[in-house]
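Novice: Sequence:
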Amino acid sequence: MRIRSLFAATVFALGFVAASTGIGLAGDSTLTWSFRNNHENRVQLEFYAQGRDSAWPGGGEAYVLDDYDVHTFRLNCWAGEKICYGAWIDGDSNTYWGVGLDDKYGCDDCCVTCETADAGTRNLDP
Numbered sequence: 031m032r033i034r035s036l037f038a039a040t041v042f043a044l045g046f047v048a049a050s051t052g053i054g055l056a057g058d059s060t061l062t063w064s065f066r067n068n069h070e071n072r073v074q075l076e077f078y079a080q081g082r083d084s085a086w087p088g089g090g091e092a093y094v095l096d097d098y099d100v101h102t103f104r105l106n107c108w109a110g111e112k113i114c115y116g117a118w119i120d121g122d123s124n125t126y127w128g129v130g131l132d133d134k135y136g137c138d139d140c141c142v143t144c145e146t147a148d149a150g151t152r153n154l155d156p
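Take the position in the sequence shown, starting the count at 1, then add 30; the result is the number in the working numbering.
Hints in this document: simulated from the structure, not taken from any laboratory.
Please read these numbers as outputs of a predicted model, since none were measured by experiment.
There could be a bad hint or two in this list.
Have a look at the derived ranges for each label pair, beta carbon to beta carbon [stated by the list, open to error]:
{"hint": "1", "residue 1": "125", "residue 2": "97", "range": "17 to 25 Å"}
{"hint": "2", "residue 1": "156", "residue 2": "58", "range": "31 to 39 Å"}
{"hint": "3", "residue 1": "156", "residue 2": "84", "range": "25 to 33 Å"}
{"hint": "4", "residue 1": "150", "residue 2": "80", "range": "14 to 22 Å"}
{"hint": "5", "residue 1": "81", "residue 2": "60", "range": "33 to 41 Å"}
Every residue gets a Cβ at the ideal spot worked out from N, C-alpha and C, and that includes glycine.
Hey, can you work out the whole structure from these sequences and the hints?
Specialist: This is the structure in structure tokens:
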């Protein structure tokens, strides 16, 4: 019983700290992105949290866009954190959009703040 009370107190304290400092808890928001690959080649896509070592899908993997359809991705992220996308031609990371492979480049308009919202549709044009 004492362990359960200690656990409940810890969870309450963490929630209080997060609420009082404006810091969201991990996965407390959902950010929706949509992409259309307009390039003739397959494109790989990954999302990167700025300020912490986290990526979607992560683990050295990337999403593959191999048609001209709109693909939608829902990311669980921390409210208020900055999320950027990086996309590149499969087999040619020198041709890229956003921050590119491994969050390597700077970008204009490729990052959004995580909140439960829709970031809209991005077209990856040649």
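Novice: Now, for every hint given, state plainly whether the structure supports it.
Specialist: Here's how the hints hold up against the structure:
1. Roughly 18 Å separates the CB atoms of residue 125 and residue 97, a value that falls within the hinted 17 to 25 Å.
2. As the Cβ distance of residue 156 to residue 58 is approximately 37 Å, the hint placing it in 31 to 39 Å holds.
3. Distance hint for residue 156 and residue 84: a CB-CB separation of about 30 Å, consistent with the stated range 25 to 33 Å.
4. Between residue 150 and residue 80 the CB atoms are about 19 Å apart, so this pair conforms to the stated range of 14 to 22 Å.
5. As the Cβ distance of residue 81 to residue 60 is approximately 19 Å, the hint placing it in 33 to 41 Å is violated.
Of the hints listed earlier, the one the structure fails to meet is number 5.
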